[in-house]
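*Asks:* Sequence:
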Amino acid sequence: MRFQLGLAVVAALALGAPLHAQDTTTTKPGGLNKVAHNISRASKKAGRDTKAEVHRDASKTHHALKKAGNDTKATLKQTTGVTTPAPSPQHKPGGLNKVARDVSHASKKAGSNVKHGIKNSSSAAHDSLKKAGNSAKATAAKDTSGTGTHK
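The sequence shown begins at 339 in the numbering used here and counts up by one.
Keep in mind the hints are simulated off the structure, nothing from the lab. As the structure is a computational prediction, the values presented were derived from the model and not from experiment. Some hints could be false.
To be verified - Pairs of lysine-lysine, DSSO-like flavour, derived with a Cα cap of 27 angstroms: (1) Lys398 x Lys457; (2) Lys457 x Lys469; (3) Lys436 x Lys446; (4) Lys453 x Lys468; (5) Lys389 x Lys468; (6) Lys457 x Lys383; (7) Lys446 x Lys398; (8) Lys446 x Lys411; (9) Lys453 x Lys436; (10) Lys436 x Lys404; (11) Lys457 x Lys389; (12) Lys446 x Lys415; (13) Lys469 x Lys453; (14) Lys447 x Lys389; (15) Lys453 x Lys382; (16) Lys398 x Lys453; (17) Lys468 x Lys382; (18) Lys415 x Lys405; (19) Lys436 x Lys447; (20) Lys436 x Lys411; (21) Lys383 x Lys453; (22) Lys469 x Lys480; (23) Lys398 x Lys436.
All chains, full assembly: derive it from the sequences and hints.
*Replies:* In structure tokens form, the structure reads like this:
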């Protein structure tokens, strides 16, 4: 008899506990957290869209510059008759290859400087938005914390 009673109690607890744990009707998101979530989601989407657009433009620019550089190099080779010799251990690159490398290095340096500038400014913007959001959230929490009627 005691065993059956114990088994009944265990079964009741096993069935009752999951039902209570899954009841989320009282903790639906809303208020300040919902507003912050919506703002965060919108700014992330805008940032991703901007990043994708910049990437597409950079890709198109890269392809155009690469094609122009290769065409110029081919034209110079045809005009001057100077071509790249077969690779050998004693060969030190120079001539058209050196010029092409120097131009490539300069454009890469300029591109990386632009990229670093963009990243630094976006980082600063993110930092200021984060500070403003945290400040607004703290202010709103402070305003709502003292209005309760509990004693």
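*Asks:* Each hint needs a verdict: does it hold in this structure or not?
*Replies:* Quick rundown of the hints versus the structure:
no., hint, result
1, Lys398 x Lys457, "holds, 20 angstroms"
2, Lys457 x Lys469, "holds, 18 angstroms"
3, Lys436 x Lys446, "holds, 15 angstroms"
4, Lys453 x Lys468, "holds, 22 angstroms"
5, Lys389 x Lys468, "holds, 19 angstroms"
6, Lys457 x Lys383, "holds, 17 angstroms"
7, Lys446 x Lys398, "holds, 15 angstroms"
8, Lys446 x Lys411, "holds, 18 angstroms"
9, Lys453 x Lys436, "holds, 25 angstroms"
10, Lys436 x Lys404, "holds, 16 angstroms"
11, Lys457 x Lys389, "holds, 11 angstroms"
12, Lys446 x Lys415, "holds, 24 angstroms"
13, Lys469 x Lys453, "holds, 24 angstroms"
14, Lys447 x Lys389, "holds, 21 angstroms"
15, Lys453 x Lys382, "holds, 20 angstroms"
16, Lys398 x Lys453, "holds, 16 angstroms"
17, Lys468 x Lys382, "holds, 12 angstroms"
18, Lys415 x Lys405, "holds, 15 angstroms"
19, Lys436 x Lys447, "holds, 16 angstroms"
20, Lys436 x Lys411, "holds, 11 angstroms"
21, Lys383 x Lys453, "holds, 21 angstroms"
22, Lys469 x Lys480, "holds, 16 angstroms"
23, Lys398 x Lys436, "holds, 25 angstroms"
Going down the numbered hints, you'll see the structure goes against none, and every one checks out.
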